[in-house]
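Sequence lines, in order, name chains D and H. Residue 1 is where the first sequence starts when you use this note's numbering, and the numbers rise one by one after that. Residue 1 is where the second sequence starts when you use this note's numbering, and the numbers rise one by one after that.
Calculated directly from the structure, the hints in this document are not laboratory data. Among the hints, erroneous ones may be present.
Keeping only pairs whose Cα atoms sit at most 30 Å apart, straight-line, the calculated DSBU-like set for lysine-lysine is [to be verified]: (1) H:215 - D:245; (2) H:219 - D:245; (3) H:287 - H:113.
Pair ranges (Cβ atoms, derived) [unchecked claim]: (4) H:213 - D:189: 43 to 53 Å; (5) D:51 - H:313: 47 to 57 Å; (6) H:313 - D:50: 48 to 58 Å; (7) H:219 - D:244: 43 to 53 Å; (8) H:159 - D:213: 22 to 32 Å; (9) H:126 - D:241: 26 to 36 Å; (10) H:126 - D:82: 31 to 41 Å.
From the derived model, a few chain D residues whose C-beta atoms are all more than 10 Å from chain H [unchecked claim]: (11) 52; (12) 108; (13) 233; (14) 237.
All values derive from a computational prediction rather than experimental measurement. Positions of the beta carbon are idealized from the N, C-alpha and C atoms, including for glycine.
Letter by letter, the chains look like this.
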Amino acid sequence: MLQTSTISDVRTRISAIRPAGTDVSILSMPCPAIAAAARPGNFVNIKVSAADQPLLRRPFCIHNVEGDTIDVMVKNVGRGTSLLCEASCGESLLVLGPLGNSFGTGTGDFDTALLVSGGIGTAPMRFLEKTLAAAEISFHHLVGGRSRADLLTSGLSNVSTATDDGSEGFHGNVVQLLEKHLAEQTAAGRVKVFACGPNPMLKALARFCRDRAIACELSLESVMGCGVGICYGCMVELSNADGQKESILLCREGPVIDGERFTA
Amino acid sequence: MTSSTTTTIESPAAVSLGRGLDLHSPVMLASGTVSYGEELSQLCDLSKIGGLVTKAISPEPRTGNPPQRIAETSCGMINAIGLANVGLDKFVSDKVPFLQTIGTRVIVNIAGKSIDDYCQVVERLDAVEGIAAYELNLSCPNVKGECMIMGVSPDATREIVSTLRKLTGRHLMVKLTPNVTSISAIALAAEQAGADSVSLINTVVGMAVDHRTRKPLLKNVTGGLSGPAIKPIALAKVWEVSRAVKIPVVGMGGIASFADAMEFLLVGASAIQIGTMNFVYPDIGEKIAIAIDEFFSAPGAPKFSEYVGSLIV
Ligand SMILES: Cc1cc2nc3c(=O)[nH]c(=O)nc-3n(C[C@H](O)[C@H](O)[C@H](O)COP(=O)(O)OP(=O)(O)OC[C@H]3O[C@@H](n4cnc5c(N)ncnc54)[C@H](O)[C@@H]3O)c2cc1C
Ligand SMILES: Cc1cc2nc3c(=O)[nH]c(=O)nc-3n(C[C@H](O)[C@H](O)[C@H](O)COP(=O)(O)O)c2cc1C
Ligand code: FES
């Protein structure tokens with residue numbers, strides 16, 4: 001989990017926008033300074049419109065980096081995200097980033113990365129896959145959703161899927177899918193789990209990994225006011241198996257945390 | 001008892017708020033919206049700004065309220081952070097050394113549960129260089145007074161300000177809450193007890209509800225409303241208070257542009273603070289400070305001191 005240092009506030013325009021699933025769009029924006037400094041797991045904080053409403057910026061994981069351009073994958077859940085999903089090419093945005101820490105891919109203590117995600121939590125996995133592939137580390141995606149329409153696997157390789165309703169892939173959740181794949185993966189070497197998704201899914205996953213002594217990093221979510229550590233709004237409460245509780249500002253000390261801290 | 005890491009730049013918008021609180025720009029950044037300056041310094045040239053008000057300091061560290069602590073509302077936000085802060089010891093050891101290097105006045109916002117808490121912070125910080133003033137946040141529940149908020153009572157305000165006046169030679173700025181029947185009565189009590197200035201407004205009590213879940217958005221149920229939504233309230237309160245007291249008034253509440261800042265000067269504020277909008281545009285303080293400086297530097301521009309309070313009614 002690396003800390004980033006160079007943050008830029010970039011005025012940019014949407015250069016491409018394409019649908020990626022039900023209510024989900026991928027937006028591309030040239031942001032050279034952010035693209036150059038970005039690490040998988042980092043996020044950006046976007047001022048969606050110049051108006052007073054929505055007022056605050058909205059945080060999004062960096063979905064992909066292609067040269068000078070960054071992509072974000074946005075699920076329409078409210079005012080800010082609907083403006084983004086319905087935006088047109090050429091629209092102007094203010095993008096602050098890269099923010100937060102990143103996934104620890106360079107720790108050298110694993111042979112295979114298991115990228116576990118649920119719903120819009122798949123957003124950071126493309127950039128993570130790319131970074132792992134460039135470092136010649138083997139990886140396998142385990143992607144979950146309620147049904148087929150929720151699986152956001154476009155652009156990913158080496159994917160197994162799970163759906164709650166069984167409409168595609170394994171019938172069940174991603175933690176059960178992980179259980180199914182684990183024996184085969186651990187036989188091939190040491191594994192490390194990198195995960196992003198709804199907090200309840202991540203908690204279940206953290207417990208699963210702790211019980212099996214599997215290294216695991218989670219990208220959490222919270223409501224954010226500033227993304228840079230000045231509003232204190234993004235506090236999340238963590239507690240580990242020993243009952244130790246801690247409160248962290250997720251925008252500075254996260255969004256990626258060691259799974260050990262989220263098991264209780 | 002000096003505070004000078006600030007290089008005094010001769011600006012036509014420089015303003016003295018009394019007792020050594022000389023600002024090279026009337027623009028300050030508001031408490032709770034800049035942490036202790038470190039994060040923002042990477043995104044904003046703090047030396048362009050007249051002053052930075054720290055997050056509230058209490059004698060002991062506080063983690064604050066449980067999440068969810070903030071929620072966006074129409075043209076604003078509500079927060080119930082709960083005065084989370086590093087506490088006095090860590091503030092002095094970890095935060096002050098950086099604040100001494102930023103080239104702007106440092107104003108320490110203080111929050112306590114009792115008069116004794118405020119005294120403890122002031123006594124300790126008086127021995128620390130590089131602090132220009134204290135801003136007293138009296139809007140927190142007072143344990144002694146059965147959960148009464150000190151800042152809603154003229155008597156409690158008078159008591160705490162006069163106690164601190166005897167303790168320190170530094171500038172005392174009293175921060176006023178708008179959640180009272182008569183804000184000018186509180187301002188007058190602060191002035192009579194020896195305050196050097198008053199700052200207003202603190203956040204307006206507010207609430208946000210999700211009808212689908214039937215739950216409040218904030219765990220704390222209610223919170224403080226801030227941002228552009230409260231600007232009209234803030235302007236009216238600054239107008240009222242600036243006519244009631246002789247000490248300088250520092251105005252804030254929803255300032256999001258140069259024009260907003262000028263409106264506060266017109267209704268009687270000698271200086272202004274920017275809060276919520278730092279979250280949206282981290283360099284907004286620098287931009288507004290430069291714009292005000294340019295306005296008053298232009299040929300034929302009014303004098304800053306004459307512009308303050310020159311609203312035509
Ligand atoms: C570090 C981080 C990375 C994120 N990455 C992505 C991403 O890659 N793609 C993506 O689509 N979304 C991502 N999110 C969530 C996204 O920020 C929110 O969906 C968005 O801010 C909602 O804005 P809105 O105006 O559309 O919703 P609002 O109208 O403000 O609210 C609608 C609903 O969204 C919920 N919500 C509001 N803010 C957040 C928030 N910060 N996190 C979670 N839920 C929220 C509200 O509680 C409400 O239920 C991320 C959040 C964080 C903290
Ligand atoms: C997240 C947040 C935290 C705040 N914390 C404090 C605080 O610790 N002490 C204080 O006196 N005021 C605090 N305030 C109030 C602001 O300093 C300011 O008075 C108020 O937000 C109105 O200005 P604005 O509309 O520009 O934000 C806080 C405001 C916000 C939004
Ligand atoms: S989002 Fe403001 S402190 Fe983390």
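Against the structure, the hints:
For the suggested pair residue 215 (chain H) and residue 245 (chain D), the alpha carbons sit about 26 Å apart, so the restraint of at most 30 Å is met. Note on residue 219 (chain H) and residue 245 (chain D): the hinted pairing holds, with a Cα-Cα distance of about 18 Å set against a maximum of 30 Å. Among the hinted pairs, residue 287 (chain H) with residue 113 (chain H) is inconsistent with the structure: their alpha-carbon atoms are about 36 Å apart, more than 30 Å. Distance hint check: the CB atoms of residue 213 (chain H) and residue 189 (chain D) are about 45 Å apart, consistent with the given range 43 to 53 Å.
Look at residue 51 (chain D) against residue 313 (chain H): about 30 Å separates their beta carbons, and that is not inside 47 to 57 Å. A beta carbon spacing of about 32 Å between residue 313 (chain H) and residue 50 (chain D) contradicts the range 48 to 58 Å that was offered as a hint. The supplied range of 43 to 53 Å is broken by residue 219 (chain H) and residue 244 (chain D), whose beta-carbon atoms lie about 21 Å from each other. For the pair residue 159 (chain H) and residue 213 (chain D), the beta carbons lie near 60 Å from each other, so the given range of 22 to 32 Å is not met.
For the pair residue 126 (chain H) and residue 241 (chain D), the supplied restraint of 26 to 36 Å is violated, since their beta-carbon distance comes to about 46 Å. Distance hint check: the CB atoms of residue 126 (chain H) and residue 82 (chain D) are about 53 Å apart, inconsistent with the given range 31 to 41 Å. Not every CB of chain H lies more than 10 Å from the CB of residue 52 (chain D), the least distance being 4 Å, so the non-interface label is violated. The non-interface label for residue 108 (chain D) is consistent with chain H: the shortest C-beta to C-beta separation is roughly 30 Å, beyond 10 Å.
With a least beta-carbon separation of about 4 Å from chain H, residue 233 (chain D) fails to lie farther than 10 Å from that chain, contradicting its non-interface assignment. With a least beta-carbon separation of about 7 Å from chain H, residue 237 (chain D) fails to lie farther than 10 Å from that chain, contradicting its non-interface assignment.
Consistency note: the structure conflicts with the earlier hints numbered 3, 5, 6, 7, 8, 9, 10, 11, 13, 14.
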